[in-house]
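If you're matching them up, the sequences are chains A and B in order. Numbers 2 to 114, taken from the working numbering, label the letters of the first sequence in order. Numbers 1082 to 1194, taken from the working numbering, label the letters of the second sequence in order.
It is worth saying that the hints were derived from the structure and are not from the lab. Idealized CB from N, CA, C, for every residue including glycine. Among the hints, a few may not be true.
Taking lysine-lysine and the DSS-like style, the derived pairs with C-alpha atoms no more than 27 angstroms apart in a straight line are [claimed, not checked]:
| # | chain 1 | residue 1 | chain 2 | residue 2 |
| --- | --- | --- | --- | --- |
| 1 | B | Lys1139 | B | Lys1193 |
| 2 | B | Lys1103 | B | Lys1152 |
| 3 | B | Lys1103 | B | Lys1123 |
| 4 | B | Lys1193 | B | Lys1103 |
| 5 | B | Lys1103 | A | Lys42 |
| 6 | A | Lys37 | B | Lys1186 |
| 7 | B | Lys1186 | A | Lys41 |
| 8 | A | Lys41 | B | Lys1193 |
| 9 | B | Lys1138 | A | Lys20 |
| 10 | B | Lys1152 | A | Lys41 |
| 11 | B | Lys1123 | B | Lys1193 |
| 12 | A | Lys23 | B | Lys1186 |
| 13 | A | Lys41 | B | Lys1123 |
| 14 | A | Lys42 | B | Lys1149 |
| 15 | A | Lys37 | B | Lys1139 |
| 16 | A | Lys23 | A | Lys37 |
| 17 | B | Lys1139 | B | Lys1123 |
| 18 | B | Lys1123 | A | Lys23 |
| 19 | A | Lys20 | B | Lys1149 |
| 20 | B | Lys1152 | A | Lys20 |
| 21 | A | Lys23 | B | Lys1149 |
| 22 | A | Lys41 | A | Lys20 |
| 23 | B | Lys1123 | A | Lys37 |
| 24 | B | Lys1138 | A | Lys23 |
| 25 | B | Lys1152 | A | Lys42 |
| 26 | A | Lys37 | B | Lys1189 |
| 27 | B | Lys1123 | A | Lys20 |
| 28 | B | Lys1152 | B | Lys1138 |
| 29 | A | Lys42 | B | Lys1186 |
The calculated label-pair distances, taken between Cβ atoms and stated as ranges, are [as the list claims (entries may be wrong)]:
| # | chain 1 | residue 1 | chain 2 | residue 2 | range |
| --- | --- | --- | --- | --- | --- |
| 30 | A | Arg110 | B | Asp1140 | 28 to 36 angstroms |
| 31 | B | Ala1110 | A | His74 | 27 to 35 angstroms |
| 32 | B | Glu1086 | A | Pro62 | 32 to 40 angstroms |
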Amino acid sequence: ETGVTQTPRHLVMGMTNKKSLKCEQHLGHNAMYWYKQSAKKPLELMFVYSLEERVENNSVPSRFSPECPNSSHLFLHLHTLQPEDSALYLCASSQVRLTGELFFGEGSRLTVL
Amino acid sequence: GENVEQHPSTLSVQEGDSAVIKCTYSDSASNYFPWYKQELGKRPQLIIDIRSNVGEKKDQRIAVTLNKTAKHFSLHITETQPEDSAVYFCAASRGGSQGNLIFGKGTKLSVKP
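Please model the entire structure based on the sequences and the hints provided.
Structure (structure tokens):
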């Protein structure tokens, strides 16, 4: 196992709902990431946290709100989403300043009705 | 910022044949080029990577070549097997804390028995 776990694996929500995605890494890494994977598009970097501080926000709409309470946990809070936000959301971690290799979780498949 | 183009988007080969996937990048400061494999319904996983001080790297049936002058790099899979069927993503970054991985759109490889 890669040591990065995501919950829930599948989520269906209405546009007015509020939900959260959770990611946990057991690898001792100090950087965590949220990526969005849509059909026929590259993996899109959403947020980067390094040493629990957000170091990058790739012009993501405010309806996505990340939270990193410690170096092992990362959340993505969702509210008033749109159908086009339906995608696979992948969490990843890495040891910054080393190889740069990303270790991905299995992803959370989100469907917005 | 970095832009990574990947071709082809789909590739079908007969078992035992070779497969080649090509990527170009735009940022001349990029120095780290990994390849990820994503099997259907699973997480992306690193299969091989190369740094800019090396022109070629091999790992059993997989090899990656890098041409820094032309800003392109390629993945070569020899003696393909059905279990090689997956989506392959190339990526580029400046490495470490100086840049995040920017991915190509992916190549869906199908190996027919």
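For this session: Output the numbers, in ascending order, of every earlier hint that fails for this structure.
Result: 9, 15, 19, 20, 21, 24, 32
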